[in-house]
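J.: Below are the chains, spelled out letter by letter.
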Amino acid sequence: MKVAVFWGCRILTSQYAYEMSARQVLPELGVELVDLREMPCCGDIVKSINAFAAKYMAARVLALAGETGLTDLLIPCSRCHFTLSETQHLLRSDEKLREKIATLLKDEKLECPSNMRIWHIIDLLHDAVGLNHIKEKVKKSLEGLKLASHVGCQTIRPSTIKRVDDPETPRKLDELIQALGAESLDYPEKLNCCGAALTFSHREAALTLAGSKLKVLQEKGIDGLIDTCPACHTMFDAKQENAATTIGSKLSLPVLYYTQLLGIAMQIEMEKLGLHLNQSPIERILEKLVKRSN
Amino acid sequence: MSLTDLMSMARPDLGTREKMLTKMGKREFADCFQCAKCTSGCTAFKLLELNPQEVMKLVNLGFTGQLVASEIIWTCASCLKCMERCPQGASPYHVIMALRNLAVEQGGKVPETYLKAVSQILETGLMQTVQKVTTNKMETFDREKLGLPKINYPTETFKKIFLKALEEHEV
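Chains as they are written, first to last, in our numbering: chain A, 1 to 294; chain B, 1001 to 1171.
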């Protein structure tokens, strides 16, 4: 399977471990990634300023993806995924908008494709690659690891447009974790938001949201938290110390991208998965795995 | 015939309400019947006192002016739970986004970080600059050192069209 890939600002400018690990694990599973000619912002942040300009930006990314000649587009970021999915939906249903945007795109000889299938890491791995194929590729089972999943809010909502999983009871990421032999905890705070979007206007509140979720998870005695969104990951991993200070607790919870976890199970070299870039204490997970295999 | 807010003596602005209805297309916020499902699940309610149901009520009564000038519209975490759970198919999230757009149009209070992100897009096409990351072992890495491909930045033409699009207000 050959897919176009749109990374988005957060991954390209700071969340390198997600890009590195995705570029490693996906080809191993038969997914070839094709980068776009240009890598602009999807328009997410612009929605607050001017909804039309944001839609133009999203449509332009769809057009760039169409240029590859492929009909599948992978968007590993929750926020970009929502922005592009919603715009695609509106372009299909709103003729006036479609015409207005087509006129702007024409200046660059771009055209919006009508048949682009949009994927996120979660559904690409769960639905297209399949759990069985992933199980076959596991060289080192992660049995004994007790993990929890965090699904980005915008990957699963709103269900009025095509989303990755159920809006209230997402299961796919848990099943992907279980496919590697690890346990995935069900917990009441599963749908709690990471707060990333609030960092633009209310930094403390954002950190409180991330910190509170990490705290309840830590108290459950899990080995680590698994996520699949660069915005959420920044909050839980890079900003974990700040979040701890904000809520006045000590936090020390390993946080990994699912693509990193998958890479560990596939026994891909740690450095290639960007594991040295995580700021949370992930060595605890790695030590546990080493101890277990001795 | 219209209402007056006796606390502030504000009069409703039904023109802006109409403008918002047009802006939002099919998302009929007029269908809100104040069941409060949005507020009960709101991420920003507990911490920042965002009350989406109240926002819906004020917009429907035509008191958009106060909302546009208020900092409350910038507290939404965009988790989309309100939109998902609304039994009427109204979307407080989109109403709040439309109010933010109005605040920008009318030169209201807009958090600086949003404006900075937009100027960054006008400069490089991305909302933030490329960062070097420092590991826990104090080693510093950039994309090249990590073996990641170069970023293909957008062309000048894109920036020009984006600027043009920013002047459109959909109504």
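Bear in mind the hints are in silico, worked out from the structure with no lab data behind them. Misleading hints may appear alongside valid ones.
[Claimed, not checked] When the alpha-carbon atoms are kept at most 20 Å apart in a straight line, the in silico DMTMM-like pairs for lysine to aspartate or glutamate are as follows:
no.: 1; chain 1: B; residue 1: LYS1023; chain 2: A; residue 2: GLU95
no.: 2; chain 1: B; residue 1: LYS1150; chain 2: A; residue 2: GLU38
no.: 3; chain 1: B; residue 1: LYS1150; chain 2: A; residue 2: GLU95
no.: 4; chain 1: B; residue 1: LYS1160; chain 2: A; residue 2: GLU38
no.: 5; chain 1: B; residue 1: LYS1132; chain 2: A; residue 2: GLU241
no.: 6; chain 1: A; residue 1: LYS96; chain 2: B; residue 2: GLU1071
no.: 7; chain 1: B; residue 1: LYS1037; chain 2: A; residue 2: GLU189
no.: 8; chain 1: B; residue 1: LYS1145; chain 2: A; residue 2: GLU95
no.: 9; chain 1: B; residue 1: LYS1019; chain 2: B; residue 2: GLU1139
no.: 10; chain 1: A; residue 1: LYS106; chain 2: B; residue 2: GLU1168
J.: Take the hints in turn and mark each one as holding or not.
T.: For each hint, the structure was consulted:
1. Pair hint LYS1023 of chain B plus GLU95 of chain A holds up; C-alpha atoms about 15 Å apart against a cutoff of 20 Å.
2. Between LYS1150 of chain B and GLU38 of chain A, the direct Cα distance comes to roughly 11 Å. Compliance with the 20 Å bound is thereby established for this hinted pair.
3. Note on LYS1150 of chain B and GLU95 of chain A: the hinted pairing is violated, with a Cα-Cα distance of about 37 Å set against a maximum of 20 Å.
4. For the hint pairing LYS1160 of chain B with GLU38 of chain A, the CA-to-CA distance comes to about 16 Å; that is within 20 Å, so the pair holds.
5. Restraint check for LYS1132 of chain B and GLU241 of chain A: satisfied, since their Cα atoms lie roughly 19 Å apart, inside the 20 Å limit.
6. Restraint check: the Cα-Cα separation between LYS96 of chain A and GLU1071 of chain B comes to about 32 Å, which exceeds 20 Å; the hinted pair is violated.
7. This hinted pair checks out: LYS1037 of chain B and GLU189 of chain A have alpha carbons roughly 18 Å apart, not beyond 20 Å.
8. Using a Cα cut-off of 20 Å, the hinted pair LYS1145 of chain B and GLU95 of chain A is violated, with the two alpha carbons roughly 46 Å apart.
9. Between LYS1019 of chain B and GLU1139 of chain B the CA atoms are separated by roughly 53 Å; this puts the pair beyond 20 Å, and the hint is violated.
10. In summary, the hint linking LYS106 of chain A to GLU1168 of chain B is supported, as the alpha carbons are separated by about 17 Å, within the 20 Å threshold.
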